[in-house]
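Join the two chains, each given in its own frame, into one complex according to the hints.
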Amino acid sequence: MIELEQAAEAVENPVEPFLRMDRIPHIWCPGCGIGTTVNCFARALLECGVDLNKVAVVSGIGCSGRVAGYVKLDSFHTTHGRAIPFATGLKLANPSLNVVVYSGDGDLSAIGGNHLIHAARRNIDLKVICVNNFIYAMTGGQSGPTTPASATTSTSPYGAFEPAFNLPHLVDAAGAVYVARWTAFHVRQLTRSMTEIFNKRGFCFIEVLSPCPTLFERRNKLGEGLDTMKYYKEKSKVRNGAPTGEVALGYRDEIIVGKFVDRERPDYLDLMRERLSLQLGNAYVEAPACVCD
Amino acid sequence: MENPTSLLRPADPRGVLTGIHFLDGDHACCEGALAAGARFAAGYPITPSTEVVERFAARIPKVGGTFIQMEDELAASIAIVGAAWGGAKAFTVTSGPGFSLMMEHIGYAAMTETPCVFVDVQRGGPSTGLPTLPAQGDMMQARWGSHGDYEIIALCPNSPQECFDLTIRAFNLAEQYRTPVMFMMDECVGHMTEKVVIPPAEEILVYPRRRTTAPPGAYLPYRPEEDLVPPMAHAGEGHRFHITGLTHDERGYPAMNPEAQDKLVRRLQAKIRNAVQELASYEEQDTEAAEVVVVSYGITSRVAQRAIDLARKKGLPVGKLRLITVWPFPDFKIRELASRIKAFVVPELNMGQIVREVERAAGGAAKVTGVPHAGGTVHRPEVILQAIEEAIR
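Protein chains in written order, with my numbering: chain A, 1 to 293; chain B, 294 to 686.
Here chain B stands alone, though its shape is the one from the complex (with noise of 0.2 Å):
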């Protein structure tokens, strides 16, 4: 097998709106879809993430694809499946409520390993909530939201540029491992306008769809390659393929028993948990000599650096660890911070979902302290400031 990110190869420049842009977070996530070559979007609206679809719907008559408005959030969320296996890259874009509806989808992507992107412009929750007003309440529903095991990768922007390069990421890494990615913007980021760079278009690097060259009569749609993920073909092609979301062997016909059951889960898992360092990416500042590291992530980050700064202007040893890459978790680097600092401090717009990640992975090593908001605004940097100083006493 060839080296995976070996793969990538420059953008299609009729996506690529190269040049400096005045962007929300929202556009910006729609632009990097172009860019990485998303020529599918189906969308039902729904605040504050319709922009996305919006700007979409606008351009891609201009760049060559489809977009769809569909009657659901069901059906919006299994027509970019069913676009993806007729050969485009595709996404969907929806907040809470229409993210509920979509965990259906989620599964079935997973389980029948289809490369696509669900983008959450997370607001208040539970139910309709807030439509207008941010929250970060949906980080767990994206790790564990469809029913039974999977594994997921979830990325987490905090500013417009984000939206733009990550998306590119978000699509990069569903070719490469053959699954949903979850972008999980929040409606502060979404909204933000903000300076994005989009690069030529040469300068972009998209992952290409990981197509089999077996030839008809040979392909098996779930044989893996040596990292755990099968080629992949299209409809109408010749290849006469099943999918199924039932448990399935590597012909991709139904097996309904533990042993079919367990090697397919256990594959699921492990081709993203295997990458688990590959797939982590974060932001660290400060760490060496910190007592206390600030975990954060998306707006929440933001408000964070400023209760660091803060705390850094009393002197106060203070780190920061940014996490972009929330799924899979990378317990790994929180093992390592744990090892050495007296405690972790995780502002989230959540009444506590990420900190107990961190408090797992911390094993007990670091004491961690969340600082809870019910969403709806943003964390008011002195009372991370005030959880910062609380726990270096």
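So that you can see chain A by itself, here it is in the shape it has in the complex (with noise of 0.2 Å):
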């Protein structure tokens, strides 16, 4: 027994040095997909190299808003809806920060709505990672703009009816220049995505589809959280460069994912730099990187 413990010391997970491991256990229950997407995070930042002390993360509220308190890196943990907007204030202050923002469907998309498709529209360069649960986890399930119309969840007892955001659709029409959509099934491939949107500059956007055993699947009686993993199995298409108009999602129907958008555009300083340099010539200063002092 004690050897089995030595053993299991000096083994030590290769992500554990981007976690705050004096804060695990952490809330998520078991079966939830979102630690998955952490680890598939962690994995990113050791293979694409990027310096750590660069990166910042910035969540909003919720389950997936709780990430910014897990990983051992300069961490927000904001107001609900607004990682983008504070993102935004902190990538331009410091234009050197790599920017993620980590957070819910219901946190970007509803209460967080109009800044996504703005910060989209004006290409600031973050990175934007988006667990999709189809609900409102943290506060008991209630339903959200992604809720495929059917699902049963505290709110929508007898089952949704509004029409859901397909997400890749609406930031890729508000000027988005990398969206992807990935499951928690998919680790490879969201690794992949992950590490090449920080070789990407301007809004990138990745959806991770994310059972919720506990408050979705329950109470659509769809088993556990492995169930729903096979679901993703089963279901899923890998669809690279499929127009985002044809992957909307439906209750328990396919799943189209893969890397559907992948395009250059000049991000928010790049305009706004060659603008001011433009019209005032040498009367321009670019601004420092750190201005407090």
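The hints are simulated quantities; they were obtained by calculation from the structure and are not laboratory data.
Mixed in with the good hints, there may be bad ones.
Covered by chain B, according to a simulated footprint, are these stretches of chain A (three or more residues, beta-carbon under 8 Å) [claimed, not checked]: (1) 66-74; (2) 92-101; (3) 109-119; (4) 270-283.
Straight line, CA to CA, 20 Å or less: simulated EDC-like cross-link-like pairs of lysine to aspartate or glutamate [what the hints assert, rightly or not]: (5) B:LYS355 <-> A:GLU286; (6) B:LYS635 <-> B:GLU577; (7) A:LYS54 <-> A:ASP267; (8) A:LYS72 <-> B:ASP317; (9) B:LYS355 <-> A:ASP270; (10) A:LYS54 <-> B:GLU530; (11) A:LYS72 <-> A:GLU12; (12) A:LYS230 <-> A:GLU246; (13) B:LYS355 <-> A:GLU274; (14) A:LYS72 <-> B:GLU543; (15) B:LYS635 <-> B:ASP602; (16) A:LYS200 <-> A:ASP267; (17) B:LYS606 <-> B:ASP579; (18) B:LYS626 <-> B:GLU581; (19) A:LYS235 <-> A:GLU224; (20) A:LYS72 <-> B:GLU530.
Here a beta-carbon is modelled for each residue, glycine too, at the ideal position from N, C-alpha and C.
Here you go:
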């Protein structure tokens, strides 16, 4: 037994240096997919070799909003829906930072929906990871803008009937330069996408479908987290480059995954500097990285 | 710990438009922000405050910094918090309806102890109210508008010169106390044009950010110094710190228990309440032999001055107390005056907000009469004069 414990101590999980181990165990339920996405994120950071002192993670509120609290990086747990505008201020004040927004579907697309489309329109250099579990999980499983029609939630006890957002389509239309969707089952592909966005400049958006066995699957009698992983495996179809208008999600329907958008467009700071240089010439003073002293 | 005020240093000359100018209050406020070192502003258009960021948008590319017009006031008010953690001195500007939307992030900035400045050029309310006309109806909102318990600092200028001078002070206090500071203008002060003297940069003292000296790995974001204010780090410096709006411990980690709540909320209040004397600024005149003291602030103080002059011409023993720091409220000053005068007269462009504070601080030792006004214009001096005469009688 002692030998086993020693052996366990000796083998450190390669993602441990990326986590605040003094905050583990985390709050996520057994079978939840958020931890899986964080594992992919840590591996992506490892693979892309980015300077971790220059990575900041900004989260909103909710289960996925807790990611900021577990990653051993400069991390900000902000207000509900406002991770993107916080990240916008952070990035513009210090453009040398790689700013990642890590939050949930309700946070980013309902209360924060306005900020989402405007950040995509401006092409602010942000990397947005949106964990979509189709509900507001932290507050007990209420329906939201991504809840598929007919799914039962605590606030749609007779089944949801509002049409849901197709998030890749939304951010594509608003101007994102990188749009992908994976599920918590697609750990390799997700890790690769997360690696790619660290080499991309502009507004990047990755949607990750994730099980919520406690509140979505259970209420809809869909089994455990593992059953959802099986569903992801069986019903997902990789279609890289698929027009985002064709990737809407339905209740228990086929899931189109893949990298849908990967294009180049000048980002906000490029456009700002170009315009101001053009108009002001030598009078233009580019902002230094840190200006508080 | 070094004496916090000894940290003051001369302003960065790039932001200082030294000279004698003819400016309105909104533009003077912008120049004050630039002189104070503000290099980031986020805004959303709203009358009568927009001129502040219009000028900032024109000036900042020549100084070195960023202006961004956000999609709404919620976004503007948290973009400045993000910018502060990125290393900038940052502010936003709004008026009533926008101020309502910003309450969320005034609370977040208070909780996360983020230095930043919120400028509110007050107009008539409630709701859309009177977009182009003055009021002082947001004074209590500035104090209590965000949910939960916190203390706030609020300054109230009454001239374009003060819009310049006190905006610098607002930024300095935000840095010294690591707190959002409310800069409570009104439509009249914002739109009146007067002489504004901007001194040379070396004569303007600014408070730098209180940076941690801890090496990476040893920094605790919420371990306070003697004055209860913790030093700050910026993203990207290797500290890998965590910040949350949840109740947190010294590490910045969420701590969901009543002990952590008690410790944090008491410190957030005490760091400002303990400094009420240092923070207080006011203009006091003829109070030694006064029987009645008129307490006012902002544009109303200039109308009140006329009423006081008329009263003194009539030989009435009237004094003046103009509040420049409105929050934290200078109870001690009101208490001191209350012990030796007969009555306070408190005109304000609202139906009675600061008058209640005067009443509370006076504690029954002197009579307190409000002179309420719903806004849209200023008081007629005769109305204030009449209140003075009645108070003396």
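Evaluated hints:
1. 66-74: holds (count 5)
2. 92-101: holds (count 5)
3. 109-119: holds (count 3)
4. 270-283: holds (count 4)
5. B:LYS355 <-> A:GLU286: holds (8 Å)
6. B:LYS635 <-> B:GLU577: With a Cα-Cα distance of about 17 Å, the restraint between B:LYS635 and B:GLU577 holds, given a limit of 20 Å.
7. A:LYS54 <-> A:ASP267: Holds, at roughly 19 Å.
8. A:LYS72 <-> B:ASP317: violated (48 Å)
9. B:LYS355 <-> A:ASP270: holds (17 Å)
10. A:LYS54 <-> B:GLU530: Status holds; Cα separation ~8 Å.
11. A:LYS72 <-> A:GLU12: holds (16 Å)
12. A:LYS230 <-> A:GLU246: Violated. A:LYS230 to A:GLU246 sits at ~23 Å, over the 20 Å cutoff.
13. B:LYS355 <-> A:GLU274: holds (14 Å)
14. A:LYS72 <-> B:GLU543: holds (16 Å)
15. B:LYS635 <-> B:ASP602: Holds: B:LYS635 and B:ASP602 sit about 19 Å apart, inside 20 Å.
16. A:LYS200 <-> A:ASP267: holds (10 Å)
17. B:LYS606 <-> B:ASP579: Judged against 20 Å, a Cα distance of about 13 Å means the pair holds.
18. B:LYS626 <-> B:GLU581: holds (13 Å)
19. A:LYS235 <-> A:GLU224: Holds - the C-alpha atoms of A:GLU224 and A:LYS235 are around 17 Å apart, at most 20 Å.
20. A:LYS72 <-> B:GLU530: holds (13 Å)
When the structure is compared with the earlier hints, violations turn up for hints 8, 12 and for no others.
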